[in-house]
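Chains as they are written, first to last, in numbering that gives the first Met the number 0: chain E, 0 to 183; chain A, 0 to 181.
Hints are computed from structural coordinates only; laboratory data are not their basis. Treat the hints with caution; some may be incorrect.
[As the list claims (entries may be wrong)] Simulated DEER-style distance windows between Cβ atoms:
hint: 1; chain 1: A; residue 1: Leu13; chain 2: E; residue 2: Gly108; range: 43 to 53 Å
hint: 2; chain 1: A; residue 1: Glu122; chain 2: E; residue 2: Asp152; range: 38 to 48 Å
hint: 3; chain 1: E; residue 1: Val8; chain 2: A; residue 2: Thr113; range: 37 to 47 Å
hint: 4; chain 1: E; residue 1: Ser72; chain 2: A; residue 2: Leu78; range: 22 to 32 Å
hint: 5; chain 1: E; residue 1: Asn70; chain 2: A; residue 2: Thr150; range: 32 to 42 Å
hint: 6; chain 1: E; residue 1: Asp117; chain 2: A; residue 2: Ser66; range: 26 to 36 Å
hint: 7; chain 1: E; residue 1: Glu81; chain 2: A; residue 2: Asn146; range: 48 to 58 Å
hint: 8; chain 1: E; residue 1: Asp117; chain 2: A; residue 2: Gly180; range: 54 to 64 Å
hint: 9; chain 1: A; residue 1: Thr65; chain 2: E; residue 2: Asn105; range: 29 to 39 Å
hint: 10; chain 1: A; residue 1: Glu122; chain 2: E; residue 2: Pro119; range: 23 to 33 Å
hint: 11; chain 1: E; residue 1: Ile12; chain 2: A; residue 2: Gly60; range: 49 to 59 Å
hint: 12; chain 1: E; residue 1: Ile10; chain 2: A; residue 2: Thr150; range: 56 to 66 Å
hint: 13; chain 1: E; residue 1: Gly157; chain 2: A; residue 2: Ser66; range: 42 to 52 Å
hint: 14; chain 1: A; residue 1: Thr113; chain 2: E; residue 2: Ile3; range: 47 to 57 Å
[As the list claims (entries may be wrong)] A short, non-exhaustive set of chain E residues, derived as facing chain A with CB atoms under 10 Å:
hint: 15; residue: Leu140
hint: 16; residue: Gly153
hint: 17; residue: Thr160
Think of the CB as a built atom: it goes at the ideal place given N, C-alpha and C, for glycine as much as any other residue.
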Amino acid sequence: MFIIRRSLVSIAIMILIVGCYYYFTRNEEQTVQVMESHGDPIADFSDKRNLVGTADLVFLGKVNAFVGQSNGSKPISTFYVEVVSSIKGTLADKIVQVQQYGGYTNESGKKVFHIYEDDPLLQIQQMYVFSAIQQKDGSLLLIPGYGSELVTDGKENGKLTEYRNAFNAQIIPELKRRSHARIE
Amino acid sequence: MLILNGRKIQKCWLIMRKSVLALSVTLALIANTSIAYATLKSDSSSHSVDSGEIRWGTYHGSTQYTSARDNAISEWDALGHINIAGDTVFTIEDLSFDDYNMADGYLGWWHKNTGADEIEFNEVYFNVMSDGERNKTALHEMGHALNLAHTTNQFSVMREGQISQSVLYQYDINDYNARWGD
Chain E
0 MFIIRRSLVS IAIMILIVGC YYYFTRNEEQ TVQVMESHGD PIADFSDKRN
50 LVGTADLVFL GKVNAFVGQS NGSKPISTFY VEVVSSIKGT LADKIVQVQQ
100 YGGYTNESGK KVFHIYEDDP LLQIQQMYVF SAIQQKDGSL LLIPGYGSEL
150 VTDGKENGKL TEYRNAFNAQ IIPELKRRSH ARIE
Chain A
0 MLILNGRKIQ KCWLIMRKSV LALSVTLALI ANTSIAYATL KSDSSSHSVD
50 SGEIRWGTYH GSTQYTSARD NAISEWDALG HINIAGDTVF TIEDLSFDDY
100 NMADGYLGWW HKNTGADEIE FNEVYFNVMS DGERNKTALH EMGHALNLAH
150 TTNQFSVMRE GQISQSVLYQ YDINDYNARW GD
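Just chain A, with the same shape it has in the complex (with noise of 0.2 Å):
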């Protein structure tokens, strides 16, 4: 019985050997594969919206386009989901307002920062710009800072180019519900 058992024992012991042995080149391959891979994390939150709202304020500057800025603010915000609010002591900003001067073919930019994100007029084109053409790119970035994307729709915000226009029509309206409504 003795006998049999350590011989149960031995032939127990060598299994477990092997599967150390094997488990263990496995989860080195496995550790030394993962080094190799440096992986590109996107950030999913392609927006300036924090915990509802978008807290504005003059982190990264001021802009001196402050008509088309606040257009655009009071446009999007009296579509109510979103609250756009100035920030306060009591708040975090979310979005400053600024401008660039830079001929590279764009009337201004959204950018997605680590801290606060910013929206920038280009002085190149906004100084030759009427304020309907400055709204519209205004209202545009914005739109951006909301997550919403390129469009081709003749009646959107979001499509490109030189365009005078003040207010949002139902394309955008259903485009931001669609992505902030309830």
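Only chain E is shown next, with the shape it has when bound in the complex (with noise of 0.2 Å):
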């Protein structure tokens, strides 16, 4: 009995000294500093009509894999998605890669995350409707803040809907006609 109570208090110092050990070495690596990008937008995206009109795709698609993510102090994270339904543009292929603002960097040895109007990254094997401007080498870049709505189980139908409808009513904001413009 003296050996199995002096074996579990030995035991539990060792935990206690193994744990104190990773709580002090670990704990600082997995403190993120979270740095905030706040922009003006060309239109009010709250209303989809203007978002809807703004994106050159919108798509209701499942994020498949994280690709990768860009170097330099503003990280675009990109994605695979699988596209399951289209609402505005044409896709040529089934699998897409999306590009967003935002990601991690190492500043100064601390862990930094970038979020741009507080949009976290997307998670994987989510669903979500995507409203993207496609760039001039084709990339497709998620309008931030508002270029990726969370769909939940079951809400897809509600949700192309809402969207579908969006784009029959859909707002071309006139900076996205005059930008537009000067390129042709």
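Can you join these two chains into the complex? Each is in its own frame, and there are hints to help.
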């Protein structure tokens, strides 16, 4: 009995020592500093007609995988998305890559997370309605803050209807027209 | 007496050992739980103000839209609580102005950084905007640098979108005073 008690005390003390070691050495690494970015959009995107009007492509899709992240102080994260249903524009492939502002950097030995308009990074295996602008190089950039609306199980049809209605009544912001006219 | 003391001592020792055991297990559990929890610390100072001022410079580059930049600086600085002035050799730069080119649906951004913060103007749209529209975006981004959030008030530069506005109205002045006033 005495030996058992002694053993239990020894084990408990060992767990305590190991736990404290990890607490003091690992906890620093896991603290991430969050850096926010806030912008001025070309229109009020809380009105989906403006959002759909600004986007070149709007579609329902499921995030398959994280591809990677750009280097530099303003990280852009890239994901593979499986297209479920198209709302605006034509996508040539079933699996597309989308880009989202935001990601992690290492600054002065600390991990920093850059977040744009409180928009968290896409989660793998989740379904979203994506609103993206096609860039000159063909890549698809999600409109920050509004370009990825999470769709929970069973709500897909409702969201599709909502966005299709917005597409039918879309408002193309004047600055999008002006900037496109200049490029052409 | 000695026997009684011996029993008491033995009892105390037993209680102590049980307490040490319980305490050790509890502390070990707490320490190991802390490992699993990754803290996400939001930067509570989401603005560019440092010791009552914003010193702006060219750490991240410069902007071609100097008129919009200067108008924004002038308007916000005139309110008085936060001194907005150029960086010098004796000061630390808090904010830079520069440009970028990306069709992202945004006229400009304010970025909080670990070093100097940044206001960026988007050439894609700025090149086809009027002076008044550029002024509004510059005022808006400087508003973010001063910790002001978006609003739907029709008289505020913090409302979103393509709007021509070159001065601050009372709504923004009130917001600024509420945040930075005495």
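Just to be sure I understand the hint, the distance between the Cβ atoms of Asp117 of chain E and Ser66 of chain A should be within 26 to 36 Å; is that true here? holds (31 Å)
Restraint satisfaction for Gly153 of chain E [CB to CB of chain A, less than 10 Å]: violated (29 Å)
Starting from the hint 29 to 39 Å, judge whether the C-beta atoms of Thr65 of chain A and Asn105 of chain E obey it. Given a distance of about 34 Å, which is inside 29 to 39 Å, the answer is holds.
Take a look at whether the Cβ-Cβ distance between Val8 of chain E and Thr113 of chain A falls inside 37 to 47 Å. Holds: the Cβ-Cβ distance is about 46 Å, inside 37 to 47 Å.
Supplied distance hint 42 to 52 Å, evaluated on CB atoms of Gly157 of chain E and Ser66 of chain A: holds (47 Å)
Quick check: does the Cβ-Cβ distance between Asp117 of chain E and Gly180 of chain A fall within 54 to 64 Å? Given about 26 Å between the Cβ atoms, the range is violated.
Mind checking the hinted window 32 to 42 Å against the Cβ distance between Asn70 of chain E and Thr150 of chain A? The hinted range 32 to 42 Å holds for Asn70 of chain E and Thr150 of chain A, with Cβ atoms some 35 Å apart.
Kindly confirm whether 56 to 66 Å is satisfied by the beta carbon distance between Ile10 of chain E and Thr150 of chain A. For Ile10 of chain E and Thr150 of chain A the Cβ distance comes to about 59 Å; the hint holds.
May I ask you to test the hint 23 to 33 Å on the CB atoms belonging to Glu122 of chain A and Pro119 of chain E? Holds, since Glu122 of chain A and Pro119 of chain E (Cβ atoms, about 28 Å apart) stay within the stated range.
Mind checking the hinted window 49 to 59 Å against the Cβ distance between Ile12 of chain E and Gly60 of chain A? holds (57 Å)
Distance restraint evaluation - Thr113 of chain A, Ile3 of chain E, Cβ atoms, bounds 47 to 57 Å: Roughly 53 Å apart at Cβ, these two residues keep to the hinted range, so it holds.
Holds or violated: is there a CB of chain A closer than 10 Å to the CB of Leu140 of chain E? holds (6 Å)
Hint check: violations occur at hints 7, 8, 16, 17; the rest are consistent with the structure.
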